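All chains, full assembly: derive it from the sequences and hints.
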Amino acid sequence: MSIRELKNLLGLRGQFLLLISAVIIGSATVIGLYLTNRIEQVSYDGVIKRSKQLVESLAYNAEFDVLIGSDDDLARIVDGVFRDSLVVYVRVHDYKCNLLYQKIRDEYHTHDEESPISDDDASLLAPSCSMLHIPNEVSSGAPTTEVIPDRTGREFIHFASQIVTWESDVEREQLGSLKTGASDIDRGRWSNLGHVQIGIDLGPMNESIRNTRLTIIALTMFIILLAIGVTIWFLGLIIEPIKSLAVVTEDISRGRLDMEITVGSKDEIGQLATSFARMVDSLQISKKEVENYQATLEDKIRDRTEELEEAQNQLVQSEKMGAIGQLAAGVAHELNNPLAGILGYSQFALEKLKSRSAETITDKDIASFNRYLNDIENQARRCKTIVQNLLKFSRSNQDSHAAAFQLDRALIETVELLRHQLEMQQINVVTEITSPAPSVHGNVGKIQQVVTNLIINAMHATPQGGTITVGMKHSPTLGEFEGAIEIFVSDTGCGMADEIKGKIFEPFFTTKEVGKGTGLGLSVSYGIIRDHGGEIKVTSELGKGTTFVVILPLQSSVDSADIKQT
Amino acid sequence: MQNSDVRNKTILVVDDEEIMRDFLVEVLDEYSVTAATDGSEAITKMETQKFDLVITDLKMPNVSGEEVVRRAKELDPDYKVIVISGYSTLFTVSQSIENGACAFLSKPFSIDQLRSEVSKSLK
Numbered sequence: 003m004s005i006r007e008l009k010n011l012l013g014l015r016g017q018f019l020l021l022i023s024a025v026i027i028g029s030a031t032v033i034g035l036y037l038t039n040r041i042e043q044v045s046y047d048g049v050i051k052r053s054k055q056l057v058e059s060l061a062y063n064a065e066f067d068v069l070i071g072s073d074d075d076l077a078r079i080v081d082g083v084f085r086d087s088l089v090v091y092v093r094v095h096d097y098k099c100n101l102l103y104q105k106i107r108d109e110y111h112t113h114d115e116e117s118p119i120s121d122d123d124a125s126l127l128a129p130s131c132s133m134l135h136i137p138n139e140v141s142s143g144a145p146t147t148e149v150i151p152d153r154t155g156r157e158f159i160h161f162a163s164q165i166v167t168w169e170s171d172v173e174r175e176q177l178g179s180l181k182t183g184a185s186d187i188d189r190g191r192w193s194n195l196g197h198v199q200i201g202i203d204l205g206p207m208n209e210s211i212r213n214t215r216l217t218i219i220a221l222t223m224f225i226i227l228l229a230i231g232v233t234i235w236f237l238g239l240i241i242e243p244i245k246s247l248a249v250v251t252e253d254i255s256r257g258r259l260d261m262e263i264t265v266g267s268k269d270e271i272g273q274l275a276t277s278f279a280r281m282v283d284s285l286q287i288s289k290k291e292v293e294n295y296q297a298t299l300e301d302k303i304r305d306r307t308e309e310l311e312e313a314q315n316q317l318v319q320s321e322k323m324g325a326i327g328q329l330a331a332g333v334a335h336e337l338n339n340p341l342a343g344i345l346g347y348s349q350f351a352l353e354k355l356k357s358r359s360a361e362t363i364t365d366k367d368i369a370s371f372n373r374y375l376n377d378i379e380n381q382a383r384r385c386k387t388i389v390q391n392l393l394k395f396s397r398s399n400q401d402s403h404a405a406a407f408q409l410d411r412a413l414i415e416t417v418e419l420l421r422h423q424l425e426m427q428q429i430n431v432v433t434e435i436t437s438p439a440p441s442v443h444g445n446v447g448k449i450q451q452v453v454t455n456l457i458i459n460a461m462h463a464t465p466q467g468g469t470i471t472v473g474m475k476h477s478p479t480l481g482e483f484e485g486a487i488e489i490f491v492s493d494t495g496c497g498m499a500d501e502i503k504g505k506i507f508e509p510f511f512t513t514k515e516v517g518k519g520t521g522l523g524l525s526v527s528y529g530i531i532r533d534h535g536g537e538i539k540v541t542s543e544l545g546k547g548t549t550f551v552v553i554l555p556l557q558s559s560v561d562s563a564d565i566k567q568t
Numbered sequence: 186m187q188n189s190d191v192r193n194k195t196i197l198v199v200d201d202e203e204i205m206r207d208f209l210v211e212v213l214d215e216y217s218v219t220a221a222t223d224g225s226e227a228i229t230k231m232e233t234q235k236f237d238l239v240i241t242d243l244k245m246p247n248v249s250g251e252e253v254v255r256r257a258k259e260l261d262p263d264y265k266v267i268v269i270s271g272y273s274t275l276f277t278v279s280q281s282i283e284n285g286a287c288a289f290l291s292k293p294f295s296i297d298q299l300r301s302e303v304s305k306s307l308k
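Chains as they are written, first to last, in the numbering used here: chain V, 3 to 568; chain G, 186 to 308.
Simulated from the structure, these hints should not be mistaken for laboratory data. Keep in mind it's a predicted model, so treat the numbers as computed, not measured. One thing to keep in mind: the hints can contain errors.
Unchecked claim - The following residues of chain G were derived to be distant from chain V, with all beta-carbon distances above 10 Å: (1) R256; (2) E259; (3) D261; (4) L275; (5) C287; (6) I296; (7) S304.
Unchecked claim - Heads up, simulated DSBU-like pairs for lysine-lysine below, C-alpha to C-alpha not over 35 Å straight-line: (8) G/K305 x V/K366; (9) G/K194 x V/K356; (10) G/K230 x V/K354; (11) V/K9 x V/K51; (12) V/K356 x G/K305; (13) V/K356 x G/K258; (14) V/K366 x G/K194; (15) V/K302 x G/K308; (16) G/K235 x V/K366; (17) V/K546 x G/K258; (18) V/K354 x G/K308; (19) V/K354 x G/K194; (20) V/K366 x G/K258.
C-beta atoms are modelled at their ideal positions from N, C-alpha and C, and glycine is treated no differently.
Written as structure tokens, this is what we have:
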């Protein structure tokens, strides 16, 4: 497990707890160990010092008794030493290592009836005289004291101290004489009388130390547990509010701003909670503001969208009107010729009639009148056809009915509607329409609207003397179209650059100046062809010309419900 | 004006519409009227014969009426040309006058209008 995973597993509380516990345990252990060691050391040093003092004072006190050889007094002194509970035995030797006196504490008696050693024999416990390093002479006026460790496996320590005496040069006999002064007595030397040995039992001390150590350990553990417990409790104090703040924050983030944040304490946690509560309040206010704004915004958007849709509808309408208007203009001009004939011949005939009377009228005149009236009639019929074509075109535009129609007839009609206008622009019109053509299922008026749009666009792009070709091709398959027919409108006009080609089907895109053309013609045409399940494609070369190709499935998927009223 | 003088005046009528040609020929029968069906035929005729007046339509296939006017003026700067058109915008009218036409009649026109312009031009 990586450190990060461990951290995540523990959480804030766990991490802190772990850290604090480590610190507490570490320091408690260190302190405990140190204390134990120090106690041990101090106790030991104390015992050694005390015992040394004891053995040295015994050696000092024993001098007189050893000199005079008084056992009773020696016994008395030793008893005094025995008052110290640590003392196990006392032995007194002379300078020849003869045992002068010994005593052993009752508890350490061997109590063995078989044993030849008497109860007071400390020889089993004490090191023998020969093992000591007590010298026979006295060095620098001070008695030698030796500390001997125990080699019997018991928790003993043995001490030996020289018994020294001053041997003055003054004769014994002269001692009582008044003539000898202190200075005479001062002349002499210290000499070794023997030594005293005591044994000290460290057992009790060690026991006490062990007990103390255990106590310290217990205390340490208690402290550790207490400290950890307090830490856990305190962590809880901190973590719990944070946890509940976290929960509240979670709810807030989900949008619920009505949570109550209880503020208990005045300390940092309390302050945090207070600021938090304030923040939540202002959040709530902001949220309300946003909601209000949102509501009004939605209204505004709805209104704006309606306005835009309205404007768009109007533009589409005006585009249609524009298209029809274009046709109407052409048609109107087309009408001028037959009208000129009608007007002219009518006026001419009237004139002639005025200048003749019943008598002067000739057969030739009557023949002429016949001719004139025939021409007028023909021209009037012609006007009728022209107008009818236009009406048929605009009427079928309104109609969203889909039916089977002959494409060749539809194309020829469209071309005828526009031919006059094209010729006025000095543009040659060539048709490559094969008859009979297969029947196409769709809305004939809409298809004618598309072709009209393409022809008018071609007209605008083509200069005088140019040529526009309108034709169709039928093949069983056209690209991915099964059973489709291709209509093309080519011109020898100015062509289009590639970047224009990409945009021409976009609504409102136009290369004409403002006011001339809505830019909707091709996007509307595109929509119509798409509704029929077909495609419009364009190829163009700058300066050479443009060709629009419309591919229509013969059985288009369009039906009256599908065709949008554009 | 003397009948004989008038009969001597040659007029070239150019229009791709048959009805217009027939009508103009009929109405202007006091003059010597020749008809041409399009601009190129008209120019060919003009190059071989000097007409007193040319009456031409503007929007015709192949060679337009504007060409006819220009060519006439090339042949003779004083060539009399009347332009008739069903397509009369300010632009076409002013362009025709600039090209040298002496009159512009928009279809449909009345016979009186026609006659008045013709006699004016033939003076």
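To see whether the hints hold, each was checked on the structure:
1. R256: holds (15 Å)
2. E259: holds (19 Å)
3. D261: With a cut-off of 10 Å, G/D261 remains clear of chain V, as the shortest Cβ separation is near 25 Å.
4. L275: holds (15 Å)
5. C287: holds (20 Å)
6. I296: Violated, because the least Cβ-Cβ distance between G/I296 and chain V comes to about 4 Å, which does not exceed 10 Å.
7. S304: holds (16 Å)
8. G/K305 x V/K366: The hint holds at about 30 Å.
9. G/K194 x V/K356: Holds, because 26 Å separates the two Cα atoms, which is no more than 35 Å.
10. G/K230 x V/K354: The hint holds at about 32 Å.
11. V/K9 x V/K51: At roughly 55 Å apart (the allowed maximum being 35 Å), V/K51 and V/K9 break the hint.
12. V/K356 x G/K305: Between V/K356 and G/K305 the Cα gap is close to 24 Å, so the pair holds against 35 Å.
13. V/K356 x G/K258: violated (39 Å)
14. V/K366 x G/K194: holds (25 Å)
15. V/K302 x G/K308: The hint is violated at about 74 Å.
16. G/K235 x V/K366: holds (32 Å)
17. V/K546 x G/K258: holds (33 Å)
18. V/K354 x G/K308: Holds - the C-alpha atoms of G/K308 and V/K354 are around 25 Å apart, at most 35 Å.
19. V/K354 x G/K194: Since the Cα atoms of V/K354 and G/K194 sit roughly 22 Å apart, the hinted pair holds (cutoff 35 Å).
20. V/K366 x G/K258: violated (39 Å)
In this structure, the hints that do not hold are numbers 6, 11, 13, 15, 20, in rising order.
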